[in-house]
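Single-letter residue listing:
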Amino acid sequence: MGQTVFEPWNDPDEKPLIQFKNVTKRFGDFTAIDNQTFDIYEKEFFALLGPSGCGKTTMMRMLAGFEAPTEGTILLGGQDIAPIPPNKRAVNMMFQSYALFPHLSVWDNIAFGLKRDRMSKDAIAARVEEMLTLTRLTQFARRKPHQISGGQRQRVALARSLAKAPKLLLLDEPMGALDAKLRQATQFELMDIQEKTGTTFVIVTHDQEEAMTVASRVAVMDEGRIVQADTPARIYENPSTTYVADFIGDVTIITGRASPAGEGYEVHYAEAAAPIYSAFDIDLAEGETCHLALRPEKVSITAERPADRRNAVQGTIIDIAYLGNLSTYHVEIEGGQMVKAQAANTRRLSRRDFTWEDTVWLSWTDTAAVLLRE
Amino acid sequence: MRRLTWFNATSLTLGFAFLYLPMLILIVYSFNESKLVTVWAGFSTKWYGTLVQNEAFLDAAVVTLKVAVTSSTIATVLGTMAALVLVRAGRFPGRTLFSGMIYAPLVMPEVITGLSLLLLFIGIGLDRGILTIILAHTTFSMAFVAVVVSSRLMSFDRSLEEAALDLGCSAFDAFRLVTLPIIAPAVISGWLLAFTLSLDDLVIASFTAGPSATTLPIKIWSSIRLGVSPEINALSTIMIGIVAVGVITASLVTKRASLRQQAEERAAAQQV
Chain A
1 MGQTVFEPWN DPDEKPLIQF KNVTKRFGDF TAIDNQTFDI YEKEFFALLG
51 PSGCGKTTMM RMLAGFEAPT EGTILLGGQD IAPIPPNKRA VNMMFQSYAL
101 FPHLSVWDNI AFGLKRDRMS KDAIAARVEE MLTLTRLTQF ARRKPHQISG
151 GQRQRVALAR SLAKAPKLLL LDEPMGALDA KLRQATQFEL MDIQEKTGTT
201 FVIVTHDQEE AMTVASRVAV MDEGRIVQAD TPARIYENPS TTYVADFIGD
251 VTIITGRASP AGEGYEVHYA EAAAPIYSAF DIDLAEGETC HLALRPEKVS
301 ITAERPADRR NAVQGTIIDI AYLGNLSTYH VEIEGGQMVK AQAANTRRLS
351 RRDFTWEDTV WLSWTDTAAV LLRE
Chain B
1001 MRRLTWFNAT SLTLGFAFLY LPMLILIVYS FNESKLVTVW AGFSTKWYGT
1051 LVQNEAFLDA AVVTLKVAVT SSTIATVLGT MAALVLVRAG RFPGRTLFSG
1101 MIYAPLVMPE VITGLSLLLL FIGIGLDRGI LTIILAHTTF SMAFVAVVVS
1151 SRLMSFDRSL EEAALDLGCS AFDAFRLVTL PIIAPAVISG WLLAFTLSLD
1201 DLVIASFTAG PSATTLPIKI WSSIRLGVSP EINALSTIMI GIVAVGVITA
1251 SLVTKRASLR QQAEERAAAQ QV
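Read top to bottom, the protein sequences are chains A and B. According to our numbering, the first sequence is numbered sequentially starting from 1. According to our numbering, the second sequence is numbered sequentially starting from 1001.
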């Protein structure tokens, strides 16, 4: 495989397309964005992920030009964009409500931005046709927005915002209004279009699965700050804080005191229980409070104590969440700590090995539990 | 189907009689042969004939139409602008006072509005005539337009305008190309409201009209004082006819448009 990995953020020679420099945004007393500095590179699919009210939409509206930063600067291609009004920016936005013009046909909606640029009639027609083909809407060109389905409307909104070939496309919860099945199909379609057009995409979403699927990098936000910005795999496998670990996917957080042991640390979480070993090398003092983030799928559940694992604890099954392909077992171990363990349902439900109130052994490898300071 | 009970049938009959009996009598007597309004002397359309030859009535009708068209058009422009400020400007000092003052003419007794305008026109030395009636009608109907348009603007999705800006429109173009076409139905109904208010206004017009211009309501009112003539009945019947045709057409058009929209939306929902 001669393919190079797309990781411009690790390349010191690469010039970022967008630079946030100490950007703060306040609405009255409320600080929506708190002194943020980060870069987004060309051709990236960058996801801003967080709960509602975390500031992700404000971040996007500042890029579009609907809000101005209170402090700091935003650079687009090295140029400060603060004095440029939204209608002069090489940035287009796809709105959460799609904001399709109800009085115009699909064709005219897509042509709307092109007409503002005073392009020739033929050039506009050619570009609109290209967009219609890209989004598979050719047969609906003459329809009005209310005459097409939700999924088609979403594609019209995408075509309209891409028609002007922006340097940067902003997508505000682009799949919020679609049902789960359609959403999955659309996610792949979106990635495909992003790749074909080579446009830089910034997507705002509260759906962690969506962010993980589409994005080259995910920025997890909380209360106006980016807590961690990294590839989906690193966000999941190496969360920087318990907030990130908890926000992305399912996790058990065990809090205890660290004591150095070998390559990593032993974490004492309950009086009588044996400590849990984690081979993560972060700088912790003897007796310092720390947290272990343990993904349920990395925990094995067995009837007997496995001989080859250092981390093995005994507990009682309190609850079972049956998800069809998987089951998540909630197991109470010593000290009242709940640990989630996941197992694939490889056999039929009636042949399940464990049930409520069973005593079982949970075990995991030395590197499974991520050690976190906060 | 639920049967009509005797109670419901009676209420219905009485209610409609209360609303429409006076008008029915007026229409019937406009076809009366006799000059006496209260005595039936056979069917005739002669009063419609004499009406067409009555120059005073025709002049008044022309003045009324001119006033109604001009004042409702100005009122629509001003009222829409006021509504935009009211809904869009967000919070500014004196906002509540401003919005209260926009709505005040709605509840202000017409006599007071008329009187104050009369005093103003005398004060600035403006001769009373068609211009003063237009100004007066614009003043009070503007408030009605502002109410109608602002209620539409409140449910208007601001992201539509932002999308227009995002796609390269100036603020004015965004209003012209996106906002205005979408709120057009509200603006048109505001215009129609202003038009009908101006058409049948008697009180304010009689304060602000002068010898050079008389509107139809003033003309009818003043000739009634000399006794009700069948000519007036004929004129009123024509006016009822025009209004009825207008209202029925408007409701039919709206109903057909909404039925078509529903059918199209249903068709759109079926295909994915």
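Among the hints, erroneous ones may be present.
Stated by the list, open to error - Chain B regions said to be covered by chain A (calculated; three or more residues, Cβ under 8 Å):
no.	segment
1	1161-1167
2	1257-1270
Said to hold, decoys possible - Cβ pair distances, simulated, as ranges:
no.	chain 1	residue 1	chain 2	residue 2	range
3	A	319	B	1089	30 to 40 Å
4	A	209	B	1170	38 to 48 Å
5	A	84	B	1106	20 to 30 Å
6	A	179	B	1262	16 to 26 Å
7	B	1073	A	119	45 to 55 Å
8	A	79	B	1089	26 to 36 Å
9	B	1262	A	12	53 to 63 Å
10	A	84	B	1090	19 to 29 Å
11	A	353	B	1262	14 to 24 Å
Because the hints were derived from the structure by calculation, they are not lab data. Virtual Cβ for every residue (Gly too), placed ideally from N, Cα, C.
Exercise. Examine the segment 1161-1167 of chain B: at least three residues should have C-beta closer than 8 Å to a C-beta of chain A.
Key: holds (count 6)
Self-check item: Outcome for the supplied range 45 to 55 Å, where the beta carbon pair is residue 1073 (chain B) and residue 119 (chain A)
Solution: 36 Å, violated
Quiz item: Would you say the C-beta atoms of residue 319 (chain A) and residue 1089 (chain B) sit inside 30 to 40 Å of each other?
Solution: Violated: the Cβ-Cβ distance is about 55 Å, outside 30 to 40 Å.
Practice problem: Could you check the hint for me, namely that residue 179 (chain A) and residue 1262 (chain B) are 16 to 26 Å apart, CB to CB? | Solution: 22 Å, holds
Exercise. With 38 to 48 Å as the target window, see if residue 209 (chain A) and residue 1170 (chain B) comply at their CB atoms.
Key: With a Cβ separation near 40 Å, residue 209 (chain A) and residue 1170 (chain B) satisfy 38 to 48 Å, so the hint holds.
Practice problem: For residue 79 (chain A) and residue 1089 (chain B), compare the CB-CB distance with the range 26 to 36 Å and indicate the outcome. | Solution: Roughly 32 Å apart at Cβ, these two residues keep to the hinted range, so it holds.
Quiz item: For the pair residue 84 (chain A) and residue 1106 (chain B), does the Cβ-Cβ distance stay inside 20 to 30 Å?
Solution: 44 Å, violated
Practice problem: Given the hint of 14 to 24 Å, check if residue 353 (chain A) and residue 1262 (chain B) actually sit that far apart at their C-beta atoms. | Solution: 56 Å, violated
Quiz item: Do three or more residues of the segment 1257-1270 of chain B come closer than 8 Å to chain A, measuring C-beta to C-beta?
Solution: Coverage by chain A holds for the segment 1257-1270 of chain B (6 residues, Cβ < 8 Å).
Quiz item: Does the Cβ pair residue 1262 (chain B), residue 12 (chain A) satisfy 53 to 63 Å?
Solution: Since the Cβ atoms of residue 1262 (chain B) and residue 12 (chain A) sit about 60 Å apart, the hinted range of 53 to 63 Å holds.
Exercise. Mind checking the hinted window 19 to 29 Å against the Cβ distance between residue 84 (chain A) and residue 1090 (chain B)?
Key: 23 Å, holds
In terms of the numbered hints stated before, the structure departs from hints 3, 5, 7 and 11, listed from lowest to highest.
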